[in-house]
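A.B. asks: Sequence:
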Amino acid sequence: MVKPMLQHTYERASASGAKQVCIATDDERIKIIAEEFGAKVFMTAESHQSGTDRIQEVTTELGLSDDEVVVNVQADEPLIPASVINQVASNLSTHNEAGIATLCEVFSNQEEVRDPNAVKVVINPKGHALYFSRATIPYQASGSAQNCFRHVGIYAYRVSVLNEFVRWPPSDLEISEKLEQLRALYNGVSVHVEVSNEQIPAGVDTRKDLKAVRAAIAGR
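Count the sequence shown with our numbering and you get residues 16 to 235, in order.
One or more hints might be untrue.
[As the list claims (entries may be wrong)] Below 16 Å or equal to it, Euclidean Cα-Cα: the simulated EDC-like pairs (lysine to aspartate or glutamate) are:
no., residue 1, residue 2
1, K141, D130
2, K34, E83
3, K18, E51
4, K141, E112
5, K55, E83
6, K46, E61
Calculated from the structure, these hints are not laboratory results.
Owing to the predicted nature of the structure, the values given are computational and were not obtained by experimental measurement.
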C-alpha cells in the first residue's frame with residue numbers, strides 16, 4: 016500500500032523523539048487520512064493566514080507553558096531527517112536571545128539560487144537572520160552562489176513568541192514575499208539560523224519536486 020506524503024513526514028517527526036507529535040489542519044479529508052495511520056489530529060480554524068497561526072491555536076488547546084519549545088515540520092517535507100528536527104529544537108533551546116530558530120543549507124548550484132520556490136536567507140555573524148526572500152540575496156555580483164543560503168522550512172518556536180505572533184497583523188513584507196517568518200522579523204523577534212548538520216532533500220512545492228520525492232522514496 017502506498018503511503019500518503021503526510022504519513023512519511025509524520026513518521027520522520029515521530030522518529031525525532033519529540034514528546035508529542037500531532038497534525039494541525041482545517042481539512043476534514045486530511046484528518047481522516049491522518050487518523051487512519053494513527054496520528055493525533057487537531058482541527059483548526061479555516062481563517063488562519065499561515066502555519067504559524069495554526070500551530071498557536073493548537074498550543075493554546077494543549078495548554079503549553081510560555082517557555083515550551085514547539086517545532087513546526089511542514090507536511091510537504093516527507094524526506095526530512097529526524098536528526099534535523101532535533102537540531103532545530105536544540106538550536107532554540109541553546110540560544111536564549113532567540114524567539115524562533117530555523118535551519119539553512121548552502122546552495123549547490125546557480126539554478127536553485129534563481130528559483131523563487133527556493134527561499135534565501137541572509138545571516139549575521141552571530142547566526143541571526145537579517146532577511147528572507149524568494150529573490151536572490153545577497154546579490155551575486157560574481158555570478159557565483161557563494162555565501163548564499165537556502166532556507167529550510169522547519170521552525171522551532173517558544174510558545175510565548177507564538178502567542179505574540181498571532182496578535183500582529185501580516186506585514187507588507189510577509190504579504191509581498193509570502194513568507195510568514197518575515198512577520199516575526201518585522202516585529203523585532205530574533206530568528207537564529209544554523210546550517211543543517213545533515214543534507215535535507217527539497218520539499219514538495221512543484222510537480223517536479225513531487226516526482227523527485229517519489230523516486231527517492233521508491234529507491235530506499
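A.B. asks: Each hint: holds or not?
C.D. replies: Evaluation of the provided hints:
Note on K141 and D130: the hinted pairing is violated, with a Cα-Cα distance of about 27 Å set against a maximum of 16 Å. Proposed proximity of K34 and E83 is supported: the alpha carbons are some 11 Å apart, at most 16 Å. Between the alpha carbons of K18 and E51 the distance comes to roughly 11 Å, so the proposed pair stays at or under 16 Å and holds. Distance check on the hinted pair: K141 and E112 sit about 11 Å apart at the alpha-carbon level, within 16 Å; holds.
Of the supplied pair hints, the one linking K55 and E83 is violated, its CA atoms being roughly 19 Å apart against a limit of 16 Å. For the hint pairing K46 with E61, the CA-to-CA distance comes to about 14 Å; that is within 16 Å, so the pair holds.
This entry does not satisfy hints 1, 5, going by the numbered hints stated previously.
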